[in-house]
Amino acid sequence: MKDTEWKIKEIDTSDWAKKFADLLVNNGNKTYFLQGKWGSGKTRYLQKTETLSKDTLKFIYLSLWHPKNEKSLAKQVFSKVNPILNFFKGLFTSALVGWMIFGSAWLTGIGIFNYVNFDAWFLLVTVITVIVTTLFNLSKNKLINVDTILMNLSLFKLRWPFYRKSRVLIIDDFDRLDEVTQKELYKLFNAIHEEGLKYPQKIIKWYDKKPKKLFRPIIFLCKKIVEFSENRKARIVFVGDWKNIVKVKHNYLEKIIDQTVSLPIILKPEFFGEEIMLIISENLKEEIDDMEIFKLFELENLTLRQANHFLSYVKNEFFRQEKIGRVQVNQQLFIIYLFLFHRNMYEILINNWQKIQEKKSIETLKAFEISSNDDQAQKEIKQYVNNIFKEDSDNISFPEPFVSLPVNYFINDLTYTHSVRELNKIINNSKEIRQLAFGHDTDKASLIDELSLYSVSINNESYSNKLLIAAISAMYAEPRHKPNLLIKKIFLNYEIKLEKTEFNTNPMKSPLERNKIVFSKMSKAITEMAKKPNNEALLTELLYIYRACLPIYGTVTHSFNNADRSISDIQLNNINRYSLTRYYSKRAYEIENQKNFGKKLYDAEALLVQLCFKSPSPDISDEAYDNLNIQPIEKKVEKIEQLADFEYVAFWDCYLGLGTRAKGERILNFEYKNKIYGDYVYNRYKEIKQTACNLLKSNKGSELEKMLNSREWFAFFLRIAAITHQYNVRNNFSQKVILNKLAQLLDSYKLMHLQDLLSQVQNDPDWISFIKKIL
1 MKDTEWKIKE IDTSDWAKKF ADLLVNNGNK TYFLQGKWGS GKTRYLQKTE TLSKDTLKFI
61 YLSLWHPKNE KSLAKQVFSK VNPILNFFKG LFTSALVGWM IFGSAWLTGI GIFNYVNFDA
121 WFLLVTVITV IVTTLFNLSK NKLINVDTIL MNLSLFKLRW PFYRKSRVLI IDDFDRLDEV
181 TQKELYKLFN AIHEEGLKYP QKIIKWYDKK PKKLFRPIIF LCKKIVEFSE NRKARIVFVG
241 DWKNIVKVKH NYLEKIIDQT VSLPIILKPE FFGEEIMLII SENLKEEIDD MEIFKLFELE
301 NLTLRQANHF LSYVKNEFFR QEKIGRVQVN QQLFIIYLFL FHRNMYEILI NNWQKIQEKK
361 SIETLKAFEI SSNDDQAQKE IKQYVNNIFK EDSDNISFPE PFVSLPVNYF INDLTYTHSV
421 RELNKIINNS KEIRQLAFGH DTDKASLIDE LSLYSVSINN ESYSNKLLIA AISAMYAEPR
481 HKPNLLIKKI FLNYEIKLEK TEFNTNPMKS PLERNKIVFS KMSKAITEMA KKPNNEALLT
541 ELLYIYRACL PIYGTVTHSF NNADRSISDI QLNNINRYSL TRYYSKRAYE IENQKNFGKK
601 LYDAEALLVQ LCFKSPSPDI SDEAYDNLNI QPIEKKVEKI EQLADFEYVA FWDCYLGLGT
661 RAKGERILNF EYKNKIYGDY VYNRYKEIKQ TACNLLKSNK GSELEKMLNS REWFAFFLRI
721 AAITHQYNVR NNFSQKVILN KLAQLLDSYK LMHLQDLLSQ VQNDPDWISF IKKIL
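Note that UniProt numbering has the sequence shown beginning at 1, numbered continuously upward.
Treat the hints as calculated values from the structure; they're not laboratory data. Watch out, some of these pointers could steer you wrong.
Pairs of lysine to aspartate or glutamate residues, derived as DMTMM-like cross-links and limited to a Cα-Cα distance of at most 20 angstroms, are as follows [said to hold, decoys possible]:
1. Lys-635 to Glu-665
2. Lys-233 to Asp-55
3. Lys-390 to Glu-422
Computed spacing ranges between beta-carbons, pair by pair [claimed, not checked]:
4. Asn-412 to Ile-288: 21 to 27 angstroms
5. Ile-411 to Pro-618: 20 to 26 angstroms
6. Met-291 to Ile-265: 19 to 25 angstroms
7. Lys-675 to Lys-482: 29 to 35 angstroms
8. Asn-412 to Ser-462: 47 to 53 angstroms
9. Asn-190 to Lys-71: 20 to 26 angstroms
10. Ile-288 to Ile-411: 15 to 21 angstroms
11. Asn-627 to Lys-599: 32 to 38 angstroms
12. Ile-265 to Leu-85: 40 to 46 angstroms
Quick reminder that beta carbons are idealized off the backbone N, C-alpha and C, glycines included.
Required output: the full structure, derived from the provided sequences and hints.
Next up, the structure:
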């Protein structure tokens, strides 16, 4: 990308420059002050003026603001006014110094070798060397004032009237010079404007004392010569910012300036602010909808050079730092603006980034001081800060805003998030999405967060459906698939989308009516995308997906009271444990009373939904639970005990959190088959688990012992049991089948690749179908 694509095109000031050139040509030897801030285009404007007046004016640029330039003012003026003479002066000086060194060496050599033949060469070298050494010492001891000689030569040329072109002496960056240098320039100014040709002036003064008619022609001629001489003297143009000059203690400039000239108004930011926006939009190929950042240029009267400097940083951040699609454009532009023009404010942000990210707000940063001389500018910037960095909880945006990921926005910092283009590519790659849906949460946690946030923020139906299909495919791939974080976020985002759509479409309907519609649409989407027939047999599987993939128990939120203490609260979505129980209990009861209940996959879900999924806590009042009039668990014991081992484990792991907690559980403290029911459940659960452990120590199973801990083995064992439809794992026949199929499975895989297989097969989402073919 060319740098010219990131620069404001040169603004044509030819008409204004032509007028200024005419002023310099026709207005005599006046002194001017060209007013403008640093970087506002003064030098370029003068160059344009010089080009337009090249036949009548000769511009001499005197730039004294160079920290490393230690030459005297006289030498610097001479080098600019007489560049050719200055070249030969330097050449002559170098030759003299060389000759002095040569001569000294010559004479020294003669003395060492006692060579006493005083021929003409010896005499010549001696004389010249003595002269050069003497002149050098005289100038060094200031007995010969070289600066005075050089200044007189410069003044002669600046005052000499008979050049074809009038001289224009440009004193650049006058406002940056120290007071001592400024005073020297005032002396230079006075010397240039001294009376020019002295003899004609003396004649005129003498004439005033003599008879008028006798010398009238001579006097007329003398006056014309003097007038011509004065008009042809060098014009002087001081260049700088008047605001900075008036601060100097002894400011004599206002006494000698004849006219102040302002830069053309088209060089003001009002005229190029919109072009900044167009340059950024064209290069980023993105519409910039926020004009506030460009209004700040106008408000703070920033210059053309500052605008181009700003654009160079924009180019660096979005292209060299590769932030396109990774940051919000408007917020990144403002961070660059603060970095360049309000560094103190930028430092506050960078020093408090952790606090900003934690609170997702900049309101905690009370020490914002805007370094602007304009009160209105301070007010506008503070207001813009609050607007652009405000976190909108109602609208999710992507890329993530500054308050969520401040480090991504800091200048020259690397971003580790994926760009919009990369996320689009991932979503459109069904294989990659399926791998993410099957993978572990820790594998690509940041990518999962970004995909989730992106799919919600863009509101793209096609992308949302592709993600939902991947999530549903994973959930249907094997019995009771354990969803990862991506699957949970996909389902939650889809639910929230349905809820918002329904609320906006039918705001007058009751929450219960809207809930029914959300359930209906959600169920329909899942069954259609899974390409399953919509019948009662699939209701229990759907219930498992709801409770496994959605936060049906609510999400914990925190608020603060007057004492600044955190108060926890449970926030429920439309699809929650209470609404599921209310909506599906009747249909679940019908499933419970069907023949062969308990022998099929997901039968446990029919009981769980009627019991509101988990045991009530005796220490916590739950009004929503009480209003459902849920039957006590004693009424469901017979149905629970009908469940096959696979479903039995699933039921208690959900209802109690873990089946081994049944022993001593208060809600299970009643008699069943001459035992406390909690003990009965505990014993059966342990027996199922012991069966799995025994199989682990069998022939082929022993190969897995080093790879899996007991809990992982138990989960894997139950998955193999479910795939082979051997739900009562304590049955001898079922155990033989499982062992036989397990041996076939292990023989089909190389042992070195088995670890990936058993760890939910992060690199092979098709492993379930592979197992089914073998088994």
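Taking 20 angstroms as the top limit, are the C-alpha atoms of Lys-635 and Glu-665 close enough? Holds, at about 17 angstroms.
If I claimed the Cβ atoms of Asn-412 and Ile-288 lie 21 to 27 angstroms apart, would that claim hold in this structure? Check passed, 22 angstroms falls within 21 to 27 angstroms.
What's the verdict on Lys-390 and Glu-422, does the C-alpha distance respect the 20 angstroms limit or exceed it? violated, 27 angstroms
Lying within 32 to 38 angstroms: is that true of the beta-carbon distance Asn-627 to Lys-599? For Lys-599 against Asn-627, whose Cβ atoms are near 34 angstroms apart, the range 32 to 38 angstroms holds.
The hint says 15 to 21 angstroms between Ile-288 and Ile-411; measuring C-beta to C-beta, is that right? holds, 19 angstroms
Does the Cβ-Cβ separation between Ile-265 and Leu-85 fall within 40 to 46 angstroms? holds, 41 angstroms
How does the Cβ-Cβ distance of Met-291 and Ile-265 compare with 19 to 25 angstroms: does it lie in that range? Hint holds: Cβ distance 21 angstroms, inside 19 to 25 angstroms.
Taking 20 to 26 angstroms as the stated bounds, is the beta-carbon spacing between Asn-190 and Lys-71 within them? The hinted range 20 to 26 angstroms holds for Asn-190 and Lys-71, with Cβ atoms some 22 angstroms apart.
Take the C-alpha atoms of Lys-233 and Asp-55, compute the straight-line distance between them, and say whether it is at most 20 angstroms. holds, 17 angstroms
Between Ile-411 and Pro-618, does the beta-carbon spacing fit 20 to 26 angstroms? violated, 58 angstroms
Between Lys-675 and Lys-482, does the beta-carbon spacing fit 29 to 35 angstroms? Taking Cβ atoms as reference, Lys-675 and Lys-482 lie about 32 angstroms apart, which means the hint holds.
Just tell me: holds or violated, for the beta carbon distance of Asn-412 and Ser-462 against 47 to 53 angstroms? Given a distance of about 37 angstroms, which is not inside 47 to 53 angstroms, the answer is violated.
Of the hints listed earlier, those the structure fails to meet are numbers 3, 5, 8, in rising order.
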